[in-house]
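The residues making up each chain are set out below.
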Amino acid sequence: MLFARQRCALQQLFNQRRERWIAQRHPAAQSLTIDKRRIYILPTAACGGFVLLLLLLMLLAINYENNLVYGLTFLLIGVLLVSMVHTHNNLRGITLSARGSVSVFAGEKSRYRLHLRAPDHPVVGVSMEYPGGDEFILTLEPQAERTLELSAAVGKRGLHRPGVLRLSSRYPMGLFVAWSYVNLGQHSWVYPKPEAGGSLPQSALQSDTGAQHGEGNEEFSGLEEYREGMSLGRVAWATLARGLPLQVKEFTDIQGDSRWLRWSFWPELDTEARLSRLCYWVLKLQSESKPFGMELPGSRLEVGSGRGQVDAALLALAKLGQEPPE
Amino acid sequence: MNNWLTPRALNWQLAGLWVAALPHLLIMPFWVGLLLLACTGVRIQIYRGIWGFPHWVVKLALLALLGAGLALSFDRATLMRGTLALLIGGSAFKLLEIHTRRDALVLIYLSYFIIATQFLFEQGILSGLYALGAFAIVLAAQVALFDPRLRAPLPNIRSTLKLMLPALPMMVLLFILIPRIGPLWSVPLDSGAAQTGLSDSVSPGDISSMTRSDELAFRAVFDGAVPPTSQRYWRALVYSEFDGRSWKLGEPLVRRLEEVVATSGSLSYEVIMEPSNRPWLPVLDVPLSVQGADLRGARQAVTRSPMDKRQAFQVVSASRYQLASQLSEAAIARNLDYPQAQNPRTQALAQQWWSESGADLPSFVRRIAQHFNQSFVYTLQPPILGGDSVDQFMFDTQRGFCGHFASATALLMRAAGVPARLVGGYQGGEFNAGANYLTVRQWDAHAWVEYFDEGRGWVRFDPTAAVAPERIEQSAEQLFSTQPGFLADRPLSPLRFTNSGWLLDMRRAVDSLNLSWHRWVLNYQSQQSDLLRSLMGEITPLRMALALLLPGALILGFVGFNLRPRQSRDPLIRAQRRFEAAAARLGYARQAKQTLAQLALEVKTGYSEMTESLTELALIDEQLRYAPEAVERSELIALLNRNSRALRTKRPRQSLKRADAGSTG
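Residue numbers (the working numbering), protein chains in the order written: chain A, 1 to 326; chain B, 1 to 665.
Please note that the accuracy of each hint is not assured.
The calculated SDA-like cross-link candidates involving lysine to any residue, where the alpha carbons are at most 25 Å apart (straight line), are [to be verified]:
hint, chain 1, residue 1, chain 2, residue 2
1, B, Lys162, A, Glu268
2, B, Lys593, A, Leu148
3, B, Lys593, A, Ala29
4, A, Lys36, B, Ala584
5, B, Lys593, A, Arg113
6, B, Lys162, A, Met84
7, A, Lys193, A, Leu140
8, B, Lys593, A, Glu141
9, B, Lys650, A, Met84
10, B, Lys650, B, Val631
11, B, Lys593, A, Val182
12, B, Lys94, B, Leu25
13, B, Lys593, A, Lys36
14, B, Lys162, A, Leu140
15, B, Lys162, B, Pro183
These are computed hints drawn from the structure, not numbers from a lab.
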């Protein structure tokens, strides 16, 4: 048991070292084309089976002095060599560019957007994978372009870097695996994981901006994409009738219902837990369509509501205490 | 490793296995084909989601069924075919348990192997072409396994050909250069049809078709010079008992050994005998001593037990000799005996010739040779002979192979009162100059006659030499490749249908093609050393390596060159790409929806010293788009090039506005 744990730790250490070494050898670039100097190639286990087949055929040819069996064996050897060149070329010439990321909550897999352009030949069955992420099988016609989203490892709150992207290909015969490392220098902000709890103290209702707005209870502030759970009463039927996707009307309750979320609310919690609690309240207020402002050490978000306000708030939570990327 | 298996790949696998197995299914018990058909059906049902993968009990039951079928349908003599049936049955079962890509690969490798085994039974040109097609389909199945696209079969065939066509010259190269070595151990093939070879009786009248087998009989390695083809008579069996139709050994082998009186031209060599399951060892006329076997009776070399594995024997023979000085009464009687009641016309002819030649033995022998030479035809497909088989052959059909001629000659001599007997063995052999040895195959099997001449002992006389001297002077292969019997076990041979006119011309063309195929492909090992020497002079390991590596590298290089990502030929696009690359190096990769002008203006924000030229670039680009008649393409190309050059001298700025664009808020 203990031994297994040690081995696991050792393996983790090895993987970390390996990833760091790979990252060192592949400096980041926003966009790059895979050229032949970046491609590594090795025979696969299937190639071992293939060589065994060749040996058996050779034995058959020798023992029966059968020149046609010799011929077939030599044809297979030729195909083996030609397939090596094809496998290598399947990766060659693919152009990749970084295209931002999708922010996620801690505990989810980060997602990154990439733009790809195929060279003059088709790209067939190239597997793309960030360390810890899910595999994506890429197939492109010649000269085709495509933007896609790749998942990477589960991140902790704050700045997340997915590491070095690995592209590999076994096409056309699976006898060789060619791979390449691509470091696009991507990063994303991981929001804290929302954790329910606590209640807003009375001081949250107190408005310190003094910015009292005029009459009227609710003010139309814009349209927002409909998401599950939203009140049907707010659906903008007029836009739906025009053929647009289902949208809901966004109202800003300016009068007196705005809340302030403050860092100082739950002093008994440590930093991450406090951020998680704040995150929960941001989302809760958003779902109740209540405008809010937020005050964090070193940053302040004025009262507002809607999608943009929530994103700004979450980003502020993610960035708290983190070094900005260079 | 990901393990997706597309339905398209499954179709290819099924097609591959079927084309590989088809030539075997035609000659195998029908149940093997039924089994494959059933497994294919089940596989398709599994794929359509109607049935699940079979339970292991079902698989076990199927396996038992296969075992029982094999035990019932095949025996020791058809071991080879039985093994292949097992292979095909096993592949059929594999169809039922393809879960991952690895399973599919096993099936595909099996299919390759099954294609190769086809050549153990059938080696014609058509069979070679069929195998090439089958190979392409199995290869396509392997490629489909790693191609996630759902595509029509044609594009898949195209990408398969891209793999296969460059491999063909490589195959030819390896075929020509890789040295062939002899069998590591011998493996018997099933013998279905009657093949030439040795047996303990010769009855030419019963055989309508002589199949020439290219199976190896033995090899002989010589210490000194190899005797010329016309002297290569390999004596194995002496038949002295004739019942009017067939010749039998008769004489007990333990009889006193016939002595060799005077000898010269002694040859010492080693006979490496393939397993024949017979005790008779062919040795050059006439053996003086044999190590590992006994010489018995009429100097036949006999081993103590049938040869069931490859064995080597040291032999010394004399090329000029006198065998036996005089015969005992019993021996004379035995070698003159024949059924008087049969073949009366031949007996009469013999007596007529004997008296015409004045009882002079040499002129009598000449008379026989002349007669055969006049109107007889040497063929491997003689007509079947009826009651008085020798009479029919001598006077009616006049067509036959060595057995007919030898049998008739021996009877003619006996009827004339000359002691004579039939000798069976091999004649000829293929000379391998590299290692100074002869390869003798079953198609070299031969029969001739020995008659007793007072004062000269037993004298060898080969009547076949009189009717078809080329049989003795050429190799059997060269001669028989124009003979129907040579291809008798090749059912697709066109020789049977064509006998006159343009068909005949075509048949001759096909014949010569077949001959080349035989000499240069099927039997390439005997041409190889000569060909290589004529191509590259002295054969040294260095030259061999160079001859292999240089063209091989050339082919691979050509493939790689053709596949490389190509630059566009349009100078404007090339200039644009260069500019994009220069900008990307500085951190301004062109976005998908960005025009060239937008990119230029964005770069401008980071490099104010280039404001003027970048603004101009943006302007000209937009003009070319919206008012193409106002500006020349060459103007934009020149601007692009100028800006690219300038950008290449710049260094990336440390804090880039766009570095943060990687994250969304």
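For each hint, the structure was consulted:
For the hint pairing B/Lys162 with A/Glu268, the CA-to-CA distance comes to about 69 Å; that exceeds 25 Å, so the pair is violated. The suggested pairing of B/Lys593 with A/Leu148 holds, with an alpha-carbon distance near 15 Å, which does not exceed 25 Å. With a C-alpha separation of about 20 Å, the suggested pair B/Lys593 and A/Ala29 falls inside the 25 Å cut-off, and the hint holds. Distance restraint check for A/Lys36 and B/Ala584: the Cα-Cα separation of roughly 19 Å lies within the 25 Å cut-off, and the hinted pair is therefore satisfied.
Our distance criterion of 25 Å between C-alpha atoms is met by B/Lys593 and A/Arg113, whose separation comes to about 15 Å. Distance check on the hinted pair: B/Lys162 and A/Met84 sit about 13 Å apart at the alpha-carbon level, within 25 Å; holds. Only pairs whose Cα atoms come within 25 Å are accepted, and A/Lys193 paired with A/Leu140 is rejected, the gap being roughly 37 Å. Taking the CA atoms of B/Lys593 and A/Glu141, the gap is about 20 Å. The hint holds against a cut of 25 Å.
Distance hint between B/Lys650 and A/Met84 is unfulfilled; the C-alpha atoms sit about 39 Å from each other, more than 25 Å. Taking the CA atoms of B/Lys650 and B/Val631, the gap is near 29 Å; set against the 25 Å cutoff, the hint is violated. Pair hint B/Lys593 plus A/Val182 holds up; C-alpha atoms about 23 Å apart against a cutoff of 25 Å. A C-alpha spacing of about 18 Å is found between B/Lys94 and B/Leu25, which places the hinted pair at or below 25 Å, so the restraint holds.
With a CA separation close to 28 Å, the supplied pair B/Lys593 and A/Lys36 exceeds the 25 Å bound. For the given pair, B/Lys162 sits about 18 Å from A/Leu140 by alpha-carbon distance, which is consistent with the 25 Å threshold. With a CA separation close to 35 Å, the supplied pair B/Lys162 and B/Pro183 exceeds the 25 Å bound.
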